[in-house]
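First to last, the protein sequences are chains D and S.
The opening residue of the first sequence carries number 34 in my numbering; numbering runs sequentially from there.
The opening residue of the second sequence carries number 476 in my numbering; numbering runs sequentially from there.
Don't read these hints as lab results, they were simulated from the structure.
Hints may contain errors.
Here are a few chain S residues that face chain D, going by a calculated C-beta distance under 7 angstroms [said to hold, decoys possible]:
hint, residue
1, Ala517
2, Ala520
3, Ser552
4, Ala697
5, Pro699
6, Ala709
7, Thr713
8, Ile719
9, Asp748
10, Gly776
Chain S is nowhere near these chain D residues, computed Cβ spacing over 10 angstroms in every case [stated by the list, open to error]:
hint, residue
11, Glu51
12, Asn75
13, Val83
14, Asp93
15, Ala110
16, Met243
Quick list of simulated restraints, FRET-style, between CB atoms [unchecked claim]:
hint, chain 1, residue 1, chain 2, residue 2, range
17, D, Asp44, S, Gly632, 15 to 23 angstroms
18, S, Val549, D, Glu178, 51 to 59 angstroms
19, S, Phe633, D, Gly76, 25 to 33 angstroms
20, D, Gln105, S, Ile690, 51 to 59 angstroms
21, D, Arg96, S, Ser716, 33 to 41 angstroms
22, D, Asp44, S, Val774, 17 to 25 angstroms
23, S, Gly632, D, Ser60, 38 to 46 angstroms
24, D, Arg104, S, Ile690, 41 to 49 angstroms
Just so you know, even glycine gets a beta-carbon here, dropped at the ideal spot from N, CA and C.
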Amino acid sequence: MTSTVPILELDSVSKRFEAVRALRRVSLALHAGEVVGLVGDNGAGKSTLVNVISGSLRADRGRILVDGVERQFAGAADARRSGIETVFQSLALIHSLSITDNVFLNRELFHPGLLGRLYVMDRRRMRRHVMEGFEQLGLTLPPPETKVAALSGGQRQAVAIARAVLWGSHIVLLDEPNAALGVKQTEIVLSFVEELKQHAVGVIFISHNMQQVLRIADRVVVMRLGEKVFDGPRQGLEPEDLVALITGARQT
Amino acid sequence: MKAALGQEGHNRPNSLRGFPFERREAGRSPGGASSATGRSLASRALLRWAENNGLFFALVALVIAFAVASSRFVTGSNITVILLQVSVIGVIAVPGAMLVLAGYVDLSVGSVSALAAIVFGQVATQIHLGEGAALAVALLAGIGWGLMNGLLIAYAGFSAIVVTLGGLAGAQGLAEVLSGGITQSNFSNWFLYIGNGSPGGVPLPIWILLGAVGIGAYVWYAMPFGRYFTAIGADRSTALSLGINVRREILWLYVVSGLAAAIGGIVLTSQLDAASLTIGQGEELQVLTAILLGGVSFVGGRGTLFGVVIGVLFIGVLDDGLVLVNVNPFINDVAVGAALVFAAGLDVVYRRLERVRRSMELPPGDAGTAVTDDK
Chain D
34 MTSTVPILEL DSVSKRFEAV RALRRVSLAL HAGEVVGLVG DNGAGKSTLV NVISGSLRAD
94 RGRILVDGVE RQFAGAADAR RSGIETVFQS LALIHSLSIT DNVFLNRELF HPGLLGRLYV
154 MDRRRMRRHV MEGFEQLGLT LPPPETKVAA LSGGQRQAVA IARAVLWGSH IVLLDEPNAA
214 LGVKQTEIVL SFVEELKQHA VGVIFISHNM QQVLRIADRV VVMRLGEKVF DGPRQGLEPE
274 DLVALITGAR QT
Chain S
476 MKAALGQEGH NRPNSLRGFP FERREAGRSP GGASSATGRS LASRALLRWA ENNGLFFALV
536 ALVIAFAVAS SRFVTGSNIT VILLQVSVIG VIAVPGAMLV LAGYVDLSVG SVSALAAIVF
596 GQVATQIHLG EGAALAVALL AGIGWGLMNG LLIAYAGFSA IVVTLGGLAG AQGLAEVLSG
656 GITQSNFSNW FLYIGNGSPG GVPLPIWILL GAVGIGAYVW YAMPFGRYFT AIGADRSTAL
716 SLGINVRREI LWLYVVSGLA AAIGGIVLTS QLDAASLTIG QGEELQVLTA ILLGGVSFVG
776 GRGTLFGVVI GVLFIGVLDD GLVLVNVNPF INDVAVGAAL VFAAGLDVVY RRLERVRRSM
836 ELPPGDAGTA VTDDK
């Protein structure tokens with residue numbers, strides 16, 4: 034289901050580092066429930082684009098619109114408040130803490146009443162929220178009190194993404210989520226991303242793996258030398274087409 | 476099913492109201508209850524227990540050994556003696572363990588105890604402000620020293636080891652200057668009651684220790700601070716990115732550590748009826764040994780208060796037992812040193828065990844793909 038107003042829209046965004054034009058008038062739209070695959074060679078401007086969207090970098094020119102409203106991000110925290118969450122490879126999980134502890138880290142729920150005024154955490158409520166949230170997202174994981182250290186790589190990815198979504202992010206940027214994962218682990222992440230579509234979450238999926246991009250993305254955006262050289266539905270695309278677009282062997 | 480995710484959710488500030496999705500009364504969650512067989516579940520639980528409580532077994536073994544060697548060991552009065560002996564290092568080890576958990580350390584505690592003792596003695600006998608005021612000034616001296624440690628380390632970015640090692644020398648030196656080398660004595664009865672009184676038949680220092688452990692458990696487990704310290708110790712940049720106020724938490728820990736050291740100095744002064752420069756000597760070594768023995772990782776990010784309590788008891792039992800079986804007192808220091816090295820070894824063993832258990836917990840096919848997080 035694609036609504037008319039994109040949840041995220043980039044309008045002619047440019048970014049320059051000294052003499053290097055990292056982004057040249059890039060426009061992009063992401064709708065709710067859509068997965069956009071972002072591909073391109075190293076230096077094509079993918080990372081710059083991600084950093085601009087996540088608020089870590091400021092664009093020199095162009096506009097960023099979230100839910101149709103123009104936004105200027107002062108930093109990553111600012112972008113996060115607008116509902117944009119970037120899940121990097123490092124995942125920002127504490128391995129010696131449990132799944133629940135990680136999901137609620139620095140966002141703890143407290144007991145109602147006097148105990149809560151004494152800052153006593155409500156562990157049972159947090160645990161239940163995690164179980165219900167994961168269930169709604171169709172995520173099957175070990176019990177919430179399991180330490181993150183005991184999870185597999187794919188499960189950790191899933192926890193990091195689920196945390197972002199459960200805390201209200203509706204635009205999720207996945208930067209090379211499967212670079213260090215095996216086949217089975219990758220499957221956990223990919224099927225979870227597909228599940229997210231049903232929850233009106235928009236995902237930008239950055240990867241070097243063409244098979245994965247073509248499997249999961251509704252639309253593919255190809256970057257080359259700072260420019261968007263292709264933006265179209267995945268139907269009819271083959272990995273070779275993408276490689277040709279990435280390397281510049283084929284022009285659009 | 477339609478979830479409310481992301482519809483009203485994305486503009487919420489980080490409030491404590493819970494997730495933005497609609498609440499449903501779910502029955503027992505599917506939770507994906509891990510598919511372990513009974514046998515591996517049992518051995519896994521055993522490994523986990525051993526992993527977290529290795530020192531507990533060592534303490535039991537030590538108690539049995541001393542009980543066999545000396546008939547006076549397991550008596551009510553001797554157990555009281557042991558608790559009395561560890562009460563001061565126990566009180567200091569509570570905030571100390573939280574510091575180590577967060578990846579920091581306070582080596583200045585012994586000297587801050589001495590400084591608090593001397594400040595009390597001087598204010599009480601030289602300035603004649605009365606012992607109540609002197610007590611308050613002494614505790615403030617500890618808080619002030621902790622505040623300085625915290626500001627230098629958490630805010631100015633100095634190395635914790637360098638600053639508190641400097642404090643170890645500096646606070647002791649300041650105490651020597653203030654005292655002029657003279658030990659003050661003959662304090663009033665109410666002050667001597669702090670270290671020597673026994674309300675309810677239990678010595679007051681043991682009550683203070685119990686209070687410190689109780690407050691520590693509250694801060695560590697009931698409040699969210701335990702997980703903040705764990706996060707800071709395990710992965711500082713992640714803790715920062717999640718909005719944890721790392722500087723403020725660490726500053727507070729150093730302040731409390733300074734206060735605990737001052738309390739320790741006051742208790743010892745009262746026990747001895749002497750504000751002496753020798754108070755607190757070697758305290759930092761014992762405190763750190765207890766913390767590390769208790770399984771708090773020296774690289775931060777892992778540890779329990781229960782473990783620290785066991786570590787403190789271990790030090791006390793070792794000290795007391797060696798005296799009872801008539802070992803040369805100088806051997807005591809050797810034993811404490813050996814225990815520290817033993818603790819460092821335990822840390823390695825813990826991590827090995829953790830890896831073994833983790834490989835047991837993952838289905839065979841996944842073990843190879845799990846990201847290793849060994850530092």
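Interface hint for S/Ile719, Cβ within 7 angstroms of any Cβ on chain D: Where the cut-off is 7 angstroms and the nearest Cβ of chain D is about 5 angstroms from S/Ile719, the hint holds.
Hinted contact S/Ala517 with chain D - closest CB pair below 7 angstroms: violated (17 angstroms)
Outcome for the supplied range 51 to 59 angstroms, where the beta carbon pair is D/Gln105 and S/Ile690: violated (46 angstroms)
Consistency of the no-contact label for D/Met243, given chain S and a CB cut of 10 angstroms: holds (21 angstroms)
Interface restraint verdict for S/Ala697 against chain D (beta-carbon cut-off 7 angstroms): Holds - the Cβ of S/Ala697 comes within 7 angstroms of chain D, reaching about 5 angstroms at its closest.
Cβ distance range 25 to 33 angstroms for S/Phe633 and D/Gly76, holds or violated: With a Cβ separation near 40 angstroms, S/Phe633 and D/Gly76 fall outside 25 to 33 angstroms, so the hint is violated.
Closest C-beta approach of S/Ser552 to chain D relative to 7 angstroms, hint status: Constraint on S/Ser552 not satisfied, violated at 38 angstroms.
Outcome for the supplied range 41 to 49 angstroms, where the beta carbon pair is D/Arg104 and S/Ile690: holds (45 angstroms)
Evaluation of the interface hint that places S/Asp748 against chain D, nearest CB under 7 angstroms: With a closest approach of 38 angstroms, the S/Asp748 hint is violated.
Status of the stated non-contact between D/Glu51 and chain S (beta carbon gap over 10 angstroms): holds (27 angstroms)
Cβ separation of D/Arg96 and S/Ser716, checked against the hinted range 33 to 41 angstroms: For D/Arg96 and S/Ser716 the Cβ distance comes to about 27 angstroms; the hint is violated.
Verdict for S/Val549, D/Glu178 (Cβ pair) under range 51 to 59 angstroms: About 37 angstroms separates the Cβ atoms of S/Val549 and D/Glu178, which means 51 to 59 angstroms is violated.
Hints 1, 2, 3, 9, 15, 17, 18, 19, 20, 21, 22 from the list above are not met by this structure, while the remaining hints are.
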